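Since the structure of chain P is provided, determine the placement of chain R on it from the hints.
Listed in order, the protein sequences are those of chains P and R. Under this note's numbering, residues 1 to 424 are what the first sequence spells out, in order. Under this note's numbering, residues 1001 to 1467 are what the second sequence spells out, in order.
It is worth saying that the hints were derived from the structure and are not from the lab. Be careful, since some hints might not be right.
[Claimed, not checked] DSS-like, lysine-lysine: derived pairs with alpha carbons at most 27 Å apart:
id, chain 1, residue 1, chain 2, residue 2
1, P, 35, R, 1347
2, R, 1024, R, 1149
3, P, 354, P, 318
4, R, 1212, P, 285
5, P, 350, P, 320
6, P, 285, P, 79
7, P, 394, P, 354
8, R, 1145, R, 1068
9, R, 1457, P, 34
10, R, 1187, R, 1024
11, P, 143, R, 1212
12, P, 285, R, 1457
13, P, 394, P, 424
14, P, 271, P, 226
15, R, 1024, R, 1179
16, P, 198, R, 1212
17, P, 79, R, 1457
18, R, 1068, R, 1149
19, P, 285, P, 318
20, R, 1187, R, 1430
21, R, 1179, R, 1142
22, P, 45, R, 1181
23, R, 1457, R, 1181
24, P, 217, P, 424
Owing to the predicted nature of the structure, the values given are computational and were not obtained by experimental measurement.
Here are the chains, one letter per residue:
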Amino acid sequence: MSEITNNGRRTQLINVILFVGLLTVGGIASLVPKKETISEIENRKLTPFPTYSDSALWSGEYFRQLDLYYSDNFPLRNKWINVSSDFRSSIGFQSSEIKMYDPTNDTEANEKADTTKKEEIISGPLPDDGAVGEVKKRVFVFKNRAFEMFGGGPAMGASYANVINSYNRSLPGVQVYNLIIPVALEFEITEKYAKLQKPNRPAIEHIYNTLDSNIKKVWAIDELRKHRSEYIYFNTDHHWTSLGAYYAYRAFCQTAGLVPVSLDTIAYKTKASFLGSLYRLTRDKGLQSNPDSVRYYLFKDSVNFYVGSSNNISYWNKSKMYGEGASGPNSYSVFLQGDLPIVKMETQHKNGRKIAIVKESYGNAFAPYLINNYEKVVVVDQRYYTGDFMTMLKAEGINELLFINNIFAAHTPFHIEKIKNLRK
Amino acid sequence: MVFASLIFLFLFLPLNLLLYYSSKNANWRNWVLIIFSLAFYSWGEPIWITLMIFSALIDYINALWIEKYRGTKWAKLGIVSTIFFNLGLLITFKYDVFIVENVNSIFDTSFTSPGYGLPIGISFYTFQTISYVVDVYRGDVKAQKSFPKFLMFVSLFHQLVAGPIVRYAHIADEIDNRKEKLSDISKGVTRFCIGLFKKVVIANIAAELVAKYMDADIGGLSTGAAWFGLLMFAIQIYFDFSGYSDMAIGLGWMFGFHYHENFKYPYTATSITDFWRRWHISLGTFFKDYLYIPLGGNRKRVYLNLFIVWFLTGMWHGASWNFIFWGLYFFVFIALEKAFLLKWLSKLPKFISHVYALIIIIPGWVIFYFTDTAKLGAYVEKLFSFGAANAWSAELTNDITTNLFWLIFTVILCMPVFHKVHDTIENKLKKPAYFQVGSIGLNIVFLFLCVAQLVGKSYNPFIYFRF
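So that you can see chain P by itself, here it is in the shape it has in the complex:
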């Protein structure tokens, strides 16, 4: 009898010691200060230790931030995150064919975006920073590729078109173009999943029909469709590849009366093992097994590349067209060094054609092709450029203006507002 009791006591002791011991060890380990201040994989700053103030203390803000700091700096955080996502994918059947993910804390991500934005864009190759974003409903994983699903409505499309019209009407003598980029799923969606997104072509048609008749509409979607089985969109990232951008460029050339450069003889470099944004969002194993590569072309024509400033239209700092230091999750930033507010390219083609491009990040992969056809290419990021856009156009002698946006951006109030506000 006493043996049983002793056994019982021993088990109880082990239970208690293990529990308290593990927590204590973890607690001590958590107090060792960490060096990292940025989470590469999440592409954000880790919550810093809160600074003390009486008001922060009494409002409870101090402790809230301390909680965030603690979990952001928890020992072996990345390993724990992997355990968590493995666990979450083991609590049901993971269809090998499709998966859907719900970004659960997108509003949180957006709020954080406000506090951590600019430095990262300027200081390094951290890519693709939208200060405020749109709420994306879902990510669709299909055959180890990730897709966003388009669901924009005609009213929003019309409001985008009207903003472009207003530029067209106030810039006589400037030929305006518009190019809407479809999403990858447009070309991959099967009958079975047809309801997942709205078809892109009618939405693009609707925008083009709303545009003034003298605006030239670029039917990139049709050219892309002809090449749908090629590597035109990334598997794990929401962007298109340089090849996808190339086909859009060909469509543009057709509209603009230009002869597109052929890629056959052009040298290129490749950044391998790129796991992009949609992988980071979903941490899907299938995506992990299907990494991307980013190819960028080294055109024969020489080009002078300048980085400009929102504050001073005559400030141009010579730089390089490709941010070759971009790597890993940031590989897409190789194009135009990521999302700089304004850049300019000047070429040997003294043909008098000077174009400005207003874009979000999709435009980065597109713009470099134009150095083969234009004397000057100015690229403005609609999200970050805060300078005097109209005066800049004049100062640079711009005579063509291209608005290039992916179909989400063209249906998102945030982007539409940003484009509208370029004109002060």
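Just chain R, lined up with the frame of chain P:
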């Protein structure tokens, strides 16, 4: 602070346990608990800690007053003061906006409410102290002479924030003279791990699905999705709340306190009356002992008494009409059951009673969920739009299949299956060694998964919403 947080698990709790057990001195142990409890409370609401201490002081004095003037007319003053003071606190801090808004809309006035915001735990500690003073008045329990000990009772972090509503009478002996035992601490550890698992691995995952369906644009929901969202909320609220109670009870055991059970598999109830004997038991018994019975209970005006009790039970859950409707919804069924329904049900197979109870309980949660009555109406309409074209969605199938094992496991957890297996092994097989090792192992697995989920929650990829 909350239990299901990394700071609580890795810093607060181990430090508290180590300091508590670093001395055998009862006084030291009490002070450790008081200081940790106040720290726990200040973590979320540093400003309201003064209010809690002040409130404890008033009730402490009132109880002593009652004892001093026992048998005289002055004794009543103590109890009146306590009830006025505590209900005053609730009205000022919890119902201010609600009352002012309703007064304004009825009388077309434009009063503004002070809008202090709701201090954490106020609904719980006011009820705990009311029950204490009433019990002293009734002579059921002796007044606590030591203010630190009384403050410890009021502020004990185990149950301060989300219950159960612990009655002073239940732990009076343990406040003065408790004996911590290894077997209790070990039981407490196990119970805590189970509670944590229920909160983090069941309730939190259910909460994501609830948010997805119930916070969505209701017009676009399919009927199936509306029901699924509602079921997920039934799961979320049960596992969240009962998980919290488990953790509270487990923590109590770790420090030598024995709190009463707060949940007994409520979804296995056979009637609404039965449900409320299994759901948030400490609240139901509070209203029974301190309101229903003093009002006359079953002896006179029984339906009026029931109405008052359920009106207030609803209102206790939140300062909004939907909570009152929710309470009255239960009043209707409890009254019907009292009148005849229970008798009818007793003649039918038990299975039908279970189905009946769930059919009432689960749709009831929709009233609880939506504080906005327009949304409530729209959601109810969705729930009952059978045969509509939009009956099901591919996304719903996907959510069900990708969480299928979790769903099945969760439904099993709503029933006392594991409890019965556990009892059978413990009683018939006399706790075999593998069982003991297994149960320790399970605690570690639970803890491990919960930590992973809690860290995983901080994973906040900051990417493509920003293109």
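Consistency of the hints with the structure:
no.: 1; hint: P:35 - R:1347; in the structure: 70 Å, violated
no.: 2; hint: R:1024 - R:1149; in the structure: 17 Å, holds
no.: 3; hint: P:354 - P:318; in the structure: 19 Å, holds
no.: 4; hint: R:1212 - P:285; in the structure: 23 Å, holds
no.: 5; hint: P:350 - P:320; in the structure: 21 Å, holds
no.: 6; hint: P:285 - P:79; in the structure: 15 Å, holds
no.: 7; hint: P:394 - P:354; in the structure: 11 Å, holds
no.: 8; hint: R:1145 - R:1068; in the structure: 12 Å, holds
no.: 9; hint: R:1457 - P:34; in the structure: 20 Å, holds
no.: 10; hint: R:1187 - R:1024; in the structure: 21 Å, holds
no.: 11; hint: P:143 - R:1212; in the structure: 25 Å, holds
no.: 12; hint: P:285 - R:1457; in the structure: 19 Å, holds
no.: 13; hint: P:394 - P:424; in the structure: 15 Å, holds
no.: 14; hint: P:271 - P:226; in the structure: 26 Å, holds
no.: 15; hint: R:1024 - R:1179; in the structure: 10 Å, holds
no.: 16; hint: P:198 - R:1212; in the structure: 20 Å, holds
no.: 17; hint: P:79 - R:1457; in the structure: 13 Å, holds
no.: 18; hint: R:1068 - R:1149; in the structure: 19 Å, holds
no.: 19; hint: P:285 - P:318; in the structure: 42 Å, violated
no.: 20; hint: R:1187 - R:1430; in the structure: 17 Å, holds
no.: 21; hint: R:1179 - R:1142; in the structure: 20 Å, holds
no.: 22; hint: P:45 - R:1181; in the structure: 46 Å, violated
no.: 23; hint: R:1457 - R:1181; in the structure: 36 Å, violated
no.: 24; hint: P:217 - P:424; in the structure: 25 Å, holds
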